[in-house]
Every structure is written in C-alpha cells, then in structure tokens.
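2 protein chains.
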Amino acid sequence: MADPAIDDFYAVIPAGGIGSRLWPLSRADAPKFLHDLTGSGQTLLRDTWDRLAPLSGEGRIAVVTGRAHRAAVERELPGVPDHNVFLESEPRDSSAAIGLAAAILVRREPDVIIGSFAADHVIRQTRQFEFAVRQAVAVAREGYICTIGIQPSEASVGFGYIKQAGELIVDGAPEAYMVERFVEKPDLDTAKQYFEDRAYLWNAGMFITRADVLLAELAVNEPELHAALLELAEAWDDRDRRGPAVDRLWPSLKKIAIDYSVAEPAAEKGRLAVIPGHFDWDDVGDFASLSKLNSHGRNELAILGEGARVLADASSGIVVTQTKRVISLIGVRDIVVVDTPDALLVTTAENAQRVKGVVDALKLTGRGDVL
Amino acid sequence: MADPAIDDFYAVIPAGGIGSRLWPLSRADAPKFLHDLTGSGQTLLRDTWDRLAPLSGEGRIAVVTGRAHRAAVERELPGVPDHNVFLESEPRDSSAAIGLAAAILVRREPDVIIGSFAADHVIRQTRQFEFAVRQAVAVAREGYICTIGIQPSEASVGFGYIKQAGELIVDGAPEAYMVERFVEKPDLDTAKQYFEDRAYLWNAGMFITRADVLLAELAVNEPELHAALLELAEAWDDRDRRGPAVDRLWPSLKKIAIDYSVAEPAAEKGRLAVIPGHFDWDDVGDFASLSKLNSHGRNELAILGEGARVLADASSGIVVTQTKRVISLIGVRDIVVVDTPDALLVTTAENAQRVKGVVDALKLTGRGDVL
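Residue numbers (UniProt numbering), protein chains in the order written: chain A, 1 to 371; chain B, 1 to 371.
Since the hints were made in silico from the structure, they are not lab data. Take the hints with a grain of salt, since some may be wrong.
Copies of the same chain look alike in the list, so a pair counts if it works inside one copy or between any two.
Unchecked claim - Derived DSS-like pairs (lysine-lysine); straight-line CA-CA distance at most 30 Å:
#1 254 with 356
#2 363 with 324
#3 356 with 324
#4 356 with 192
#5 292 with 185
Bound conformation, chain A alone (with noise of 0.2 Å):
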C-alpha cells in the first residue's frame, strides 16, 4: 500500500513562464507547461499535478498562473479547488509567486509545509521523487528550507548547482545534507569540475520549507516585497478586494527570483539543506532537451505529435508537428524541426539555446502575432 499523504504538507506548483526556448510550440497562449512533451498524452502541468497528490491530496494542491491560463489550467486539473488557484495579473518571477502562496497558505494554516515545484518539468521515478519530497518535508519541519538537488549526469552549463556540505541528522530524512552554498550557471570548465566533484548537484528549483520560515527569510532580504505580498494575502480571501488589491499591488512588485531572495541568503546563515534527488530529472529547457529525452539512441529521430506523418532518410534529431503535413527529412543529423500552423522552426540541436534570440527578434520586427 502507497504511503498516505503528509498531513501538514501543501504542494504550490508556480505555473508562469512561457518557455522561449520551445517556439514555436510554447506560446504565449500555449506556455509550455500545457504541452505533452514526453508522449505521456497528457500535459506536463497534469503529470506535476499527479506527481504531488499522492504527497499533499488533490485538494492540497495550489497553482500560481496567469489570468489567461486560467481556464486551461482548471481544464487540465479538474480536481483543484477554485480557491487554490491563484491568478497573476502578470508574470513578477518566483519570490512573488511562491511568496503569494506561502502568505495565503500561513493564514490558513499556519504551521503549513509548502513545497513549490515546477509545472514544466519532466521527472522519471517516481517513487524515488516521492521519497525526496518526504525527506525534504521531515527537514523542514525542524525549521530549515530544504531543497531537492540532482545528480549530474554531465557537465551541464545550462543549469545553476546546489553545493553540498556537512550531513544534517533530522528523523525521517537519511540523506539530508547542509547547503555550502548555491552557485550560477558555470562556464564549462568549471562545469567539468562540478561533475567530477560529487558534492555538486543541480538546482532544480524544488523547495520545501514552512511557509513562515519562507516568510520570515523573505523580510529580511526583501522586506518591500513581503510587506506587499502579506497585504495581498490579507485581502485574498475576500472576493470584493482580492482584485483590486492585485491591479493596485501585483504590478509593482520586485522580479526576483526565489533562490536570490531566499536560496543564497538562508545557505549564508547556514539554514538550507539539501535532499540529493536520486530520479531522472530533465527541464525540458530547449529542443535540444527535448530531443534527447524523446530518443532512444543518439542516431534517432524522434517523433513528438498526435497523427505526425513522418517519412525520414538518414536523420536524426527531433520533429515536432502539430499538422498533419506528411513532413520528410532526407540527410539531416541532429535536426530540429517544429511544424505548428502559423509558424516553422528549422534548426540543429547545436543552435537549440539560440531558438530565444528569434522570439525576441519576431517581437522586434512587428511579427509578435507567432509569439
């Protein structure tokens, strides 16, 4: 039998950002947390959303979205609560929303553990996920933030590293550790000695803390913002002044990031730990991602696409389509195609990171309506 779920526990999933790198399949309109990127055949968001119930309950589940993903994300997650969802008048980065959460959540419930994880990652073992997550949980109740960071599988440039430090003795935790410090993207050097070292791991943006803790952490680094966000909370449980409060407060709000607001200042004071994830674990953060986790075999093309029709000769890589256009590649290694109705990308693995460089270009050149 599946262990019950954790009683003090409140999973937020911040669903905001569109996802840049994946145009022309991630949109405005159609963020990539509302894509099936893994032919699971459902969205990335709902694999998250199933992921957690079984540690929080379906009715312990919140969703920081957008007002324009609203009705896709009740769409896509029938079982969530009208009051867990909780609406951005537009995107103010992860303090804002994880701390949006965590100030509604406190008043509700105040010895509360949220744990925020991201709507468009792609996570294999479950099991193993579920053990980290139960981990972190058991840490964070003795008043520590405690992150989930991953095993590299290469010397990745693409992703920020969680050193780790000293074991941390907590009950119910038998792989916690104390967090040195958080580290920036590297460059491949230093990358190379990230992985040789097996005391980095990688950020994957999963934090497990009591919302008060959070809170708490937030005042001293970013006291504006935590000032906005408690009178936000105050009025979000009254229908008549949620609104107003979000047009009034919302846009003002700083853009920073959790793990500057938070992370970095707690590892300092010597309060974050560290759960090392023992589970295939991916962001999906470009085509090239998405290649690789969709293939079996370097020399293999991979299919991403209901009805694709897809007629290839000596390629590899990955085709995307969401027509039903027969598609045909002849000679092309690690390619990139994405066939969407309006818009076209062809590229290679290689140029994956650039995919952004265009978006910002199609804005620039009064093409924004593919955007």
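Add chain B to chain A, keeping to what the hints say.
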C-alpha cells in the same frame, strides 16, 4: 529593331515531366513547368513561350502536354491557338511527344522546321539563345538535325554530353559543328576530363530539324512508333477521329527518349550538327540547382515564395514556401526547406538528388495524396 520571326519555323514545347526531384513543390497536378522557379513572376512554361515567340511567332508554337494540364496550359498561354495544343492521354517519353508534333505539323506544312525546347528549363541571355536557334534553323534547312549544346560551367555528372567534331560550313550558322557522338551521364572522373576538353557540351535536349527529316530518321530506327505516329497525325485534325485514335494508339507507343531514337543514330551517320550555346542554361533538376540559381553567393539563403515570412540566422541554402507561415532557420547551412500546405521537406543541397526516392517511398506507403 529585333529580327523578324522565322517564316518556316515552328516551336514545339514538350510539357510533360512532373519534376519529382522538386517534390513537394512539383506535383502531378502542379508539375515543374507550372511554377515560377526564378522569381520572374511567371511560370517556366510562360518564360519558355516568351523566349520562343520572337523566333516562331505566337501562332506557331505547339505545346505537347497531358490532358490533365490542358486548362493550366491554356491559362498560362492565352495566345496559344487551340489547334496547337497536342494532348497526350499519358506520358510516353520524348520520341512520342516530339514525333507526334512533327507528324502533325508536316501534314500542315511539308517543309516546316521544328525546334523542340523543354518547358521547364531556365535560360538567362535571351539574345544569345535566339542567335543560337537562328543558326540551328539555318543548319536544319540543309537537312541536318541540329542540337544546341551548352558550354559546361562545371564537371557535372547530372547531364549527358555532346562531343563536337569538325566545323560545318553553312550560311547563317558561323558556329556550326558536326557531332561526333552523344554520351550518357558520365562518372565524376570522366566528367572532369570532359570539362577539361572543350569539345564536350551539355545536352540540353534542344533539337532543331526539318519535320520530315526527323520522321525519316524515326522511320528507320523505330518503324512501329513511326507508323503509329503517322496514323495519329492523319486522324488528328478531324475532331471526331482524334480522340478515339489517341485512346487506341497512344498507350501502346514505345517509351524512348528522342536522344536514342533519333539523335544518336543521326550522329553515327554524320547527320547531326551542334551549335554551342553562349547563354546560361539550367534544367533546375533538383533543389541544389534551384538554390544555386536563386542565391547570389555561397553563403546566402535564397527565398522563393510570394509573401514569404522568413527569419534566418546563420543559415544558407533555400526556402521555398507556398504558405504564409513564419519560417525561422537557425544555424542550418546548405539547407533545403520546402513548405507547402500539405507537405514539408527538409533536406540539404548535398541530398537533393535523393528527393525522388522519397516520392517513390510515399507511393509505396500509401501516401500518394501528397504527390
């Protein structure tokens, strides 16, 4: 003032081939000759017509094409008289197509000189082309079959070659030579030798000859085909008899290129002459050729398609689009992207000759709807 049309000359345009190596642009219902492949604003067929009209007069250009293309041909060529459109019930190669035209025209005008020119080639310097044809007509008037050869610009393995022999002295044809022999498409080493040796010219499929001389040659080499063509021609100008004659005789005609049925045997007998053409010629045989034809430099990206919305970064090759989709290329070199409403091709210039294989595979796998 331009030279007047040539009194005893009739131009013949066989408009038959689909151009499978240009799929998905070229289709059964939209063959190569019905496309604008140069950005000229009109189809290759119309370009061909415009090139020939000053030589023969508009009323003296015959088009041999499939029944399925009749409406398109008449739309492209509003000046073509109904009695100059010769409809095939199915393609039976060039001996049948040109032989039919010769047999029909010789009945109307016993001394007529015909010149056959493919409907889907590109020629840049019209003045030099005209000069070559006028010389070829002068040679044909003397009873020779005359071809126009193209001075090779590279050691191509994609064309047949014509080996010129000694000078042929004919009034009005200062550049006429005898032809020693016809050569099939060579391997690369042989092509390099031919390129060094200035006596080898590309065979561009242009034949200028008295109709009766061509038919006499055909009578010797392919007597059955010749007899069937005479029978067809005899019935042709009688509306009631034409259709039944075509239905009865056409499907059984031998499929043979006019190079084999007429030109090669004529060369052996010392009856084939050649005028070296001093103009740029391209048969636009595949997308590599199309790419070269439309780009100004090696590292450029050529774009074909009205209202094309292409955003390219560090890319070269060619994009052909029939849709209004935004097409973004990043870091792809010598790429070939062909974007049509129901089919998409992504390959490279190097693989351009393999496109025909895809067409065959689509047929075999039941996806002929996009051919």
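Review point. Going back to the hint list, which numbers does this structure go against?
Key: Per hint list: zero violations.
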